Amino acid sequence: MPTPSACDRQTNGRRVMLAQLTAPLRRFLVTEAGSAGLLLAATLLALVWANSPWSDLYQSLWSTEIVVSVGSDRLAMDLGHWLNDGLMALFFFVIGLEVRRELSVGELTDHRRVIVPAVAAVGGLVVPALLYLALNTSGPTRDGWGIVIGTDTAFLLGAVALVGPALSTQLRIFLLTMTIADDVLAVSVIGVIYSESLNMVALLIAAACLVALMLLGRLGVWRTWAYAGVGIVLWLATLESGLHPSIAGMIGGLLIAAHPPRRDEVERAAALFRAFRQSPMPSAGRSAQLGLARAVSVNERLQESLHPLTSFVIVPLFALANAGVYLRGGLLGDALGSSITWAVVLGLTVGKPVGIGLATYLAVRLRIGPVMRGVGPGQILGGGALSGIGFTVSLLIAGLAFETPLREEATVGVLLAALFSFLVGWLVFRIAAAHGERTASLPLTLDRHVDPARDHIRGRVDAPYTLVEYGDFECPFCGAATGVIRELRERFGDDLRYVFRHLPLTDVHPHAELAAAASEAAAAQGRFWEMHDLLFRHQSELEIEDLIGYAGDLGLDVEEFTRAVSTGVYAERVREDAASAEASGARGTPTFFIDADRHVGPFDTETLSRALLTMPLELR
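Counted from 1, the sequence shown has number 504 at position 180 by this note's numbering; the numbering is strictly sequential.
Keep in mind that a hint or two might mislead.
Claimed, not checked - FRET-style restraints, in silico, Cβ to Cβ:
hint, residue 1, residue 2, range
1, L539, V882, 45 to 51 Å
2, T769, E930, 52 to 58 Å
3, S376, A458, 34 to 40 Å
4, A848, R754, 39 to 45 Å
5, R691, L614, 38 to 44 Å
6, E930, P632, 44 to 50 Å
7, I517, A903, 46 to 52 Å
8, E589, M401, 56 to 62 Å
9, E930, M605, 25 to 31 Å
10, G544, A400, 50 to 56 Å
Simulated from the structure, these hints should not be mistaken for lab results. Small disclaimer: the values here were computed from a predicted structure and weren't measured. Beta carbons are placed, not taken as given, at the ideal position from N, Cα and C, and that holds for glycine.
Required output: the full structure, derived from the provided sequences and hints.
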């Protein structure tokens, strides 16, 4: 059969890489990386426009005053400040939402995975700031040290996609976690160091808004407008307080809770949708729409609607407004001779990789925490070099720290640092690849092939099609997948062998490990699949008393079953499956493998059926 083209292999590799991540994180990464092109285009347009015969129009556009008034109250700012103080607060709000989601239900629920990237972020802040201050020890230029602490997530992820390893899942998670910590630190610096004199009354109102956001989450309020209303008041109060509004955006996002869809709400949404399908009336449609919205956390709904807006509109507009440096009239020569320019270049281009690399090395050496699996030291240095593309945060702080012409000198430094950091990152990744660091991803294939003597198999042992699932008896998505498996078995008949392996996610499903042991105790009496089906039908009833009751219903030797489950006879077997899942790169449930290869994308009947049918002939 024909061999796949290089393009096909690259595309498949990218799909497998993305499949290792949770769906919200996949969307976040794809959106951030995709916006890098727009960000670059906006930067180039700003430079060309600011140095064209229409440069006066460029300056006057961002100086245009926009007034919002309600009765006798009015808020007046020029367009540039509406972008920097208004829309950029929304950008940091989305970052805060993503941090909260990842910490609550995403890749960072295991908080040990946050430690080393967070330490790296601190190193990537301290070392650049010290290098900047080494060149600017006194005077007004000293105030610009904050310019070198930021990293632009969109540019970083876009650059990694261009010059990083072909399969870079784990590196991207490491860098994203690091930039999240970097953003939190940078916004804290903006809020504390670069804010004006404080208005205590406005600060108290802002604090009350933060308390209100927490209470809305605690009370289970799910309508978005309630959070949006409090958020607007929070922004206005922070603006009036003298703090930079970016800190309000970040903290506000952090306080909006994220949670996985609750089973009862998903079932309710499904029932409402079925009612609409049977009677497509406007009222039924509205009820179905509200039911679907209620099943998804406010955090994720806000991200879904706001993240494309911030990445594809707000951040490029920010670049267009702030990157337009007038380079004629000797300014470029002045910038190239300025200590600010070269301090910014040194801090971002040298300080970032040195600080990130050194902090990561010390964290691992001192056993503070582990590095993401599959990420090599050269790749961390390469990512650290690309982190010198400070751009969004750097330009924001440059505008807060300096007036013209010092701001223009700092902006030239930020732009030069972005170019140099990209070139250094490309070089470091090439060197790392030459020394064997060609990928930075989780394993992509099954660690242990199907063994009929050990594995639980439904279907003919020598069937041409193989589907392996790593599952959790308490996971609602695994429960939903049982219907898909049933339909696949009806469709393929004896040509499909379905294999179930254990991956109990004990952090979120406290009864999963006990249920897995119960299924193995039933298997010892020849009734694994009967117990498997019962457990999935009763996912909310998995206490030890329930399990013993199921054993009795199946006619098992209840005494022997109870002894096996209570004494942990089969705990090692469950741990072996979980270790196999980790070695195979499975991080969540359900994770499917078509023969030995990880399935990419949704796991509905049609998608899995197509994946099975396109299995290479030599694997059947």
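Right, here's what the structure says about each hint:
1. L539 with V882: 45 to 51 Å: Distance hint for L539, V882 holds at roughly 48 Å.
2. T769 with E930: 52 to 58 Å: With a Cβ separation near 24 Å, T769 and E930 fall outside 52 to 58 Å, so the hint is violated.
3. S376 with A458: 34 to 40 Å: Given about 37 Å between the Cβ atoms, the range holds.
4. A848 with R754: 39 to 45 Å: Distance hint for A848, R754 is violated at roughly 54 Å.
5. R691 with L614: 38 to 44 Å: violated, 50 Å
6. E930 with P632: 44 to 50 Å: At roughly 27 Å between Cβ atoms, P632 and E930 fall outside 44 to 50 Å, so the hint is violated.
7. I517 with A903: 46 to 52 Å: holds, 47 Å
8. E589 with M401: 56 to 62 Å: About 41 Å separates the Cβ atoms of E589 and M401, which means 56 to 62 Å is violated.
9. E930 with M605: 25 to 31 Å: holds, 29 Å
10. G544 with A400: 50 to 56 Å: At 39 Å between Cβs, range violated.
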